[in-house]
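2 protein chains.
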Amino acid sequence: MSASELKDFSRLAIHTITTKAWSLEECVDRFSGAGVKGITVWRQALEGRNDVAIGAAGARIRGAGLEVVSLCRGGFFPGKTEADRTKALDDNRRAIAEAAALGAPLIVLVCGAVPGIPLEEARKHIADGIAALLPEASAAKVKLSIEPLHPMYAGDRSAVNTLGQANDIVEQLRSPWVGVAADVFHLWWDPALEAEIARCAKLGALDAFHICDWLSPMADMLNDRGLMGEGCIPIRKIRGWVEAAGFKGFNEVEIFSQRHWARDPKDFLKDITAAYLKHS
Amino acid sequence: MSASELKDFSRLAIHTITTKAWSLEECVDRFSGAGVKGITVWRQALEGRNDVAIGAAGARIRGAGLEVVSLCRGGFFPGKTEADRTKALDDNRRAIAEAAALGAPLIVLVCGAVPGIPLEEARKHIADGIAALLPEASAAKVKLSIEPLHPMYAGDRSAVNTLGQANDIVEQLRSPWVGVAADVFHLWWDPALEAEIARCAKLGALDAFHICDWLSPMADMLNDRGLMGEGCIPIRKIRGWVEAAGFKGFNEVEIFSQRHWARDPKDFLKDITAAYLKHS
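Protein chains in written order, with numbering that gives the first Met the number 0: chain A, 0 to 279; chain B, 0 to 279.
In isolation and in its complexed conformation, chain A is listed as follows:
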């Protein structure tokens, strides 16, 4: 069952990385001017700010009529040495503090993978790392949302490669502060997707929904995502599954694209809002 057409921007959020040439302030003004209602802030966009300045940025975002959907990103838990893993935890603690200061309800986790660490062991590092952060996450009221990454990133970016695996970790940790961020780019190919979306929602863990498109051919494994409608992902069908499972959050446009980044972000933003209505 496909979702019904989107008629307005009340559930449209955009990631700052999508228009990464813009400062956070410019993103806020332009997104708000275009009628966008939510923003996910990448940590690069906060660089050089202390917690007071981050708090002010959060206030400015809300003042412009935007909701802070999430902070992107924490994670990268696996490491060959205890020192590496401790360093990762420290960075995640910093991310939790930033999210709290910004007023972001959740942090998206790119969980990490390291060539030479077997995937099963990396997944243990990931579950242990998230578990270690739960006291801080709970105190800060910031949810940690595992983003399963496409299997093409299993080598060096994430050992969690399906929604089923993310759900397994959620079940294992049993905390209201652990959830999932589902991105169509990573998950669209999976024959178990509809069932795992339902399972995720049943676990109370379906925290976020990211959209973009999959190009064929793809020039670059990282930075050649498509705008909705440019590729082959059945976005509306997957949105239908997500909504049937009870998800009422934002549809977040997260596009890494050298091709689109090379354009004037104002033009790209126009295309995003048009494609959102037409192809999402």
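One thing to keep in mind: the hints can contain errors.
It does not matter which identical chain is meant; a pair holds if it fits inside one copy or across any two.
Straight-line distance between alpha carbons at most 27 Å, and here's what the computed DSSO-like set of lysine-lysine pairs gives [stated by the list, open to error]: (1) Lys79 - Lys236; (2) Lys269 - Lys247; (3) Lys6 - Lys247; (4) Lys247 - Lys277; (5) Lys247 - Lys36; (6) Lys19 - Lys265; (7) Lys36 - Lys236; (8) Lys236 - Lys123; (9) Lys277 - Lys79; (10) Lys36 - Lys265.
None of these hints come from the bench; they were simulated from the model.
Bear in mind that the values here come from a model prediction, so they are computed numbers and not experimental data.
Given chain A's structure and the hints, the job is docking chain B onto it.
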């Protein structure tokens, strides 16, 4: 359970595409000279030959002490029109005739995917296509072996992206002429891999085992595979699963690599035989 170390080349096969600068004859002479015992012939290496010439090529291969492991490749079943799908079937019938002439016991199928055709529908085209070929396959005594491709190829190369999905099609078609070719490059990330290998063998469908390595980063989604040991695939562990399931066939080295193709194939072949013993 990892497999024990390989001590000789009695189960080493190489795909002609791995040393694609060489003609079929040069592959045969060089592989045989290096002590390799099997060869998988890509159809490009047969171009311009009629069935008589292909039969002579098969005889020459066997005369050099090599076994023809498979013909690579058929497939690409999905199509938007009936005419497209019929054309694909015709090409597969030609592949069956070539395999029979060559004396290859199986054809590796890259099953196909077409942007714009939903994956479920593409999988139906694939199952229907294979089913339509079964009379010819059976008459020629050539097995059709589905190669599940990595999910990063779901957009335009194969809608069969896990061993589980390939096993599902095998179960559905229930023919001794349908099986599976398992390639570590495509499957290594899958948490269900060990179980699906066992299931595949139980179905009598584990026909072939391809090896290479996964590089991080990867320069190119198609032609930047690693030599065994250059990347992060636990090849020996997966070989252990395959052998525990009863597989006794060849370990086939199939490497697409601009980097290695740019070298003198004689040097590359030396590295392959060394890496085979050390890292497979």
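At most 27 Å between alpha carbons: which applies to lysine 269 and lysine 247, within, between, both or neither? within (24 Å within a copy, 58 Å between copies)
Within a copy, between copies, both or neither: which one fits lysine 36 and lysine 265 at a CA-CA cutoff of 27 Å? Within one copy, since 17 Å is at most 27 Å while 61 Å is not.
From the Cα coordinates, with 27 Å as the cut-off, is the pair lysine 247 and lysine 277 best called within, between, both, or neither? within (19 Å within a copy, 53 Å between copies)
Up to 27 Å CA-CA - lysine 265 versus lysine 19, copy category: Answer is within; shortest intra-copy Cα gap is 12 Å, inter-copy 47 Å.
Quick one: lysine 36 to lysine 236, C-alpha cut-off 27 Å, is that within a copy, between copies, both, or neither? This pair counts as within: shortest intra-copy Cα distance 23 Å, inter-copy 49 Å.
When no copy is specified for lysine 247 and lysine 36, does a C-alpha distance of 27 Å or less occur within a copy, between copies, both, or neither? within (14 Å within a copy, 59 Å between copies)
I want to check one pair: lysine 79 and lysine 236. Are their C-alpha atoms no more than 27 Å apart within a copy, between two copies, both, or neither? between (40 Å within a copy, 20 Å between copies)
Give the relationship of lysine 277 and lysine 79 under a CA distance limit of 27 Å: within one copy only, between copies only, both, or neither. The answer is between: 23 Å across copies meets 27 Å, while 46 Å in one copy does not.
Is it within, between, both or neither when you check lysine 236 against lysine 123 at 27 Å Cα-Cα? For lysine 236 and lysine 123, only the inter-copy Cα distance (19 Å) is at most 27 Å; the intra-copy one is 33 Å.
Are the CA atoms of lysine 6 and lysine 247 at most 27 Å apart within a copy, between copies, both, or neither? Answer is within; shortest intra-copy Cα gap is 15 Å, inter-copy 59 Å.
Consistency with the previously given hints is maintained throughout, with no hint failing.
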